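A.B. asks: Letter by letter, the chains look like this.
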Amino acid sequence: MERWTKWLGLLLLVGMILNLYFIFIYAPIEKTMGIVQKIFYFHVPSAFAAFLAFFVVALFSVAFLMKRNYFYDRISYASAEIGVMFTTIVLVTGPIWAKPAWNTWWSWDPRLTTTLILWFIYIGYLVLRDFTGEDERGARFAAVFAIVGFVDVPIVYFSIRWWRTIHPQPVLMGGEGSGLAPKMLFALMFSLAVFLILYFYLLLTRLRLEKARMDVNEMKKAIALQEQ
Amino acid sequence: MNYLGKILAIAYKDLLHEYRSRETITTMMIFSFLVVVIFNFTFDPGSSYALEAAPGIIWVAFTFSGMLGLNRSFIYEIDKGCFHGLLLSPVDRGAIYLGKMIGNIIFMTIVELLTLPLFIVLFNLQFSNYLLQLLVIIVLATIGFAAVGTLFSAIAVNTKAREIMLPILLFPVVVPVILSAVNATGSLLRSDDWSQVFAWIRILLAFDVIFVAICYATFEYVVEE
Amino acid sequence: MENLGYLFAGYAVVWLLLFGYMFSIAKRQKQLEKEIELLKDLKSEN
Numbered sequence: 001m002e003r004w005t006k007w008l009g010l011l012l013l014v015g016m017i018l019n020l021y022f023i024f025i026y027a028p029i030e031k032t033m034g035i036v037q038k039i040f041y042f043h044v045p046s047a048f049a050a051f052l053a054f055f056v057v058a059l060f061s062v063a064f065l066m067k068r069n070y071f072y073d074r075i076s077y078a079s080a081e082i083g084v085m086f087t088t089i090v091l092v093t094g095p096i097w098a099k100p101a102w103n104t105w106w107s108w109d110p111r112l113t114t115t116l117i118l119w120f121i122y123i124g125y126l127v128l129r130d131f132t133g134e135d136e137r138g139a140r141f142a143a144v145f146a147i148v149g150f151v152d153v154p155i156v157y158f159s160i161r162w163w164r165t166i167h168p169q170p171v172l173m174g175g176e177g178s179g180l181a182p183k184m185l186f187a188l189m190f191s192l193a194v195f196l197i198l199y200f201y202l203l204l205t206r207l208r209l210e211k212a213r214m215d216v217n218e219m220k221k222a223i224a225l226q227e228q
Numbered sequence: 001m002n003y004l005g006k007i008l009a010i011a012y013k014d015l016l017h018e019y020r021s022r023e024t025i026t027t028m029m030i031f032s033f034l035v036v037v038i039f040n041f042t043f044d045p046g047s048s049y050a051l052e053a054a055p056g057i058i059w060v061a062f063t064f065s066g067m068l069g070l071n072r073s074f075i076y077e078i079d080k081g082c083f084h085g086l087l088l089s090p091v092d093r094g095a096i097y098l099g100k101m102i103g104n105i106i107f108m109t110i111v112e113l114l115t116l117p118l119f120i121v122l123f124n125l126q127f128s129n130y131l132l133q134l135l136v137i138i139v140l141a142t143i144g145f146a147a148v149g150t151l152f153s154a155i156a157v158n159t160k161a162r163e164i165m166l167p168i169l170l171f172p173v174v175v176p177v178i179l180s181a182v183n184a185t186g187s188l189l190r191s192d193d194w195s196q197v198f199a200w201i202r203i204l205l206a207f208d209v210i211f212v213a214i215c216y217a218t219f220e221y222v223v224e225e
Numbered sequence: 001m002e003n004l005g006y007l008f009a010g011y012a013v014v015w016l017l018l019f020g021y022m023f024s025i026a027k028r029q030k031q032l033e034k035e036i037e038l039l040k041d042l043k044s045e046n
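Residue numbers (the numbering used here), protein chains in the order written: chain A, 1 to 228; chain B, 1 to 225; chain C, 1 to 46.
Treat the hints as calculated values from the structure; they're not laboratory data. Since we're looking at a predicted model, the values are computed, not measured. Accuracy of the hints is not assured; some may be wrong.
[To be verified] Stretch by stretch, here's where chain A covers chain C in the computed footprint (C-beta under 8 Å, at least three residues): (1) 9-16; (2) 20-32.
[To be verified] Which chain C residues face chain A? A few, computed with CB under 8 Å, are given here: (3) Leu4; (4) Tyr6; (5) Ile36; (6) Leu42; (7) Lys43; (8) Ser44; (9) Glu45.
[Claimed, not checked] Subject to a maximum C-alpha distance of 25 Å in a straight line, what follows is the list of computed PhoX-like cross-link-like pairs (lysine-lysine): (10) A:Lys67 x A:Lys211; (11) A:Lys211 x C:Lys34; (12) A:Lys183 x A:Lys67; (13) A:Lys221 x A:Lys211; (14) C:Lys43 x A:Lys221; (15) C:Lys27 x A:Lys220.
In this text, a Cβ means the ideal position worked out from N, Cα and C, and glycines have one as well.
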């Protein structure tokens with residue numbers, strides 16, 4: 001795993017440098033929004049990585065409850081933390097981009113609002129883990145909460161979308177992908193790939209931490225037994 | 001005893017306990033009344049804002065008082081050592097969940113029905129034509145809230161922070177319920193077209209069905225020991 | 001080009017969060033490794 005992480009890190013470094021080149025030099029500047037539109041190339045991939053992370057959390061939570069393999073539980077925990085980090089990026093870059101582009105920091109648009117609720121759900125997940133400790137009960141609780149939270153996401157999205165269509169508002173986010181120039185599309189796709197690598201790199205690093213933590217617990221137990 | 005009988009027996013146990021001690025419902029009700037009264041201070045009496053904010057205020061009162069009730073739901077079981085007895089009794093975990101959930105739904109509905117008249121009086125609302133529709137919304141939203149709330153309450157009671165944990169877990173997940181309930185109530189107040197109210201009721205129904213099923217299925221993992 | 005400030009702020013936040021997170025992982029890892037060394041010493045003493 002160590003070697004994997006190293007190679008992935010190297011790939012990430014090269015990818016990220018190329019990514020910045022594609023974003024700032026290769027892709028043309030958007031006509032109406034100007035240069036701030038460049039935030040888009042980090043905003044969207046971050047959202048993508050966050051959803052992937054939360055999907056992994058739900059998947060391994062189910063797997064943990066079925067198989068009771070603690071490695072699955074550790075994957076869920078690590079992925080939730082990374083997902084919250086990516087969601088935070090989305091929620092901060094969103095308003096910074098929206099302000100100059102549409103002259104408003106925040107709009108209660110379904111995607112943005114769902115992302116905010118998602119952030120709250122997984123912050124709750126992390127707080128829950130913090131308050132239950134590392135025993136098997138904490139793992140079970142977290143897994144159950146993750147499953148309920150994940151099923152909730154589409155319902156949150158649809159209810160907010162319905163709410164916004166009843167109260168009409170100027171369309172702010174309309175046609176994001178529709179008018180994308182080929183060069184911009186390429187830069188976006190490349191950035192998506194780089195963020196995918198970034199996610200897996202962070203996951204591996206974070207899992208290494210979990211392994212160390214498990215080792216410490218094992219050793220403590222062994223020493224406690226010795227002293228008895 | 002058949003399965004339904006077992007579920008009802010557990011709900012009846014909670015109701016009997018509450019009837020004798022009267023701690024939970026009294027607290028919930030006072031709290032709910034307080035919320036409605038305090039929010040009245042934010043407007044000039046009789047201003048049109050009051051009418052627009054009314055649905056939001058009533059659901060804040062309902063959800064926060066409901067939270068109090070849900071928190072008590074497992075705390076008294078654990079503190080008095082009843083929960084182990086309940087787990088040892090010859091019923092499966094799903095029946096315990098449904099029984100506790102029905103108990104919570106009844107507590108919340110009682111408090112809501114008693115708060116409603118005060119609310120109608122203070123905000124000078126005309127609900128008489130829509131009382132039945134309003135009741136449907138209240139019951140559906142309460143089911144959704146209690147379905148998730150009962151499961152999370154069983155989780156929260158076993159953590160270090162207990163009372164603080166439940167709202168942090170519950171509120172983000174029940175956003176669709178609160179959103180639908182507030183907007184459906186608002187639609188009724190504005191006497192909007194019935195189809196608009198019905199669209200919200202559909203979301204509430206979907207939430208209820210999905211989450212009663214999921215929470216019923218996952219409850220056994222929460223109370224494994 | 002008048003919006004350069006926003007662009008800068010946006011990317012600054014991303015890098016700050018990203019490196020902040022990686023730094024926090026590294027810090028926790030170091031602490032655990034120190035603990036492991038300590039426990040190893042303790043074990044060999046016994």
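A.B. asks: Work down the list of hints and note, for each, if the structure agrees.
C.D. replies: Structure-based check of each hint:
no.: 1; hint: 9-16; verdict: holds (count 5)
no.: 2; hint: 20-32; verdict: holds (count 6)
no.: 3; hint: Leu4; verdict: holds, 6 Å
no.: 4; hint: Tyr6; verdict: holds, 5 Å
no.: 5; hint: Ile36; verdict: holds, 6 Å
no.: 6; hint: Leu42; verdict: holds, 6 Å
no.: 7; hint: Lys43; verdict: holds, 6 Å
no.: 8; hint: Ser44; verdict: violated, 11 Å
no.: 9; hint: Glu45; verdict: violated, 10 Å
no.: 10; hint: A:Lys67 x A:Lys211; verdict: holds, 19 Å
no.: 11; hint: A:Lys211 x C:Lys34; verdict: holds, 14 Å
no.: 12; hint: A:Lys183 x A:Lys67; verdict: violated, 46 Å
no.: 13; hint: A:Lys221 x A:Lys211; verdict: holds, 15 Å
no.: 14; hint: C:Lys43 x A:Lys221; verdict: holds, 11 Å
no.: 15; hint: C:Lys27 x A:Lys220; verdict: holds, 21 Å
Figure legend: structure checked against the earlier numbered hints; hints not met, in rising order: 8, 9, 12.
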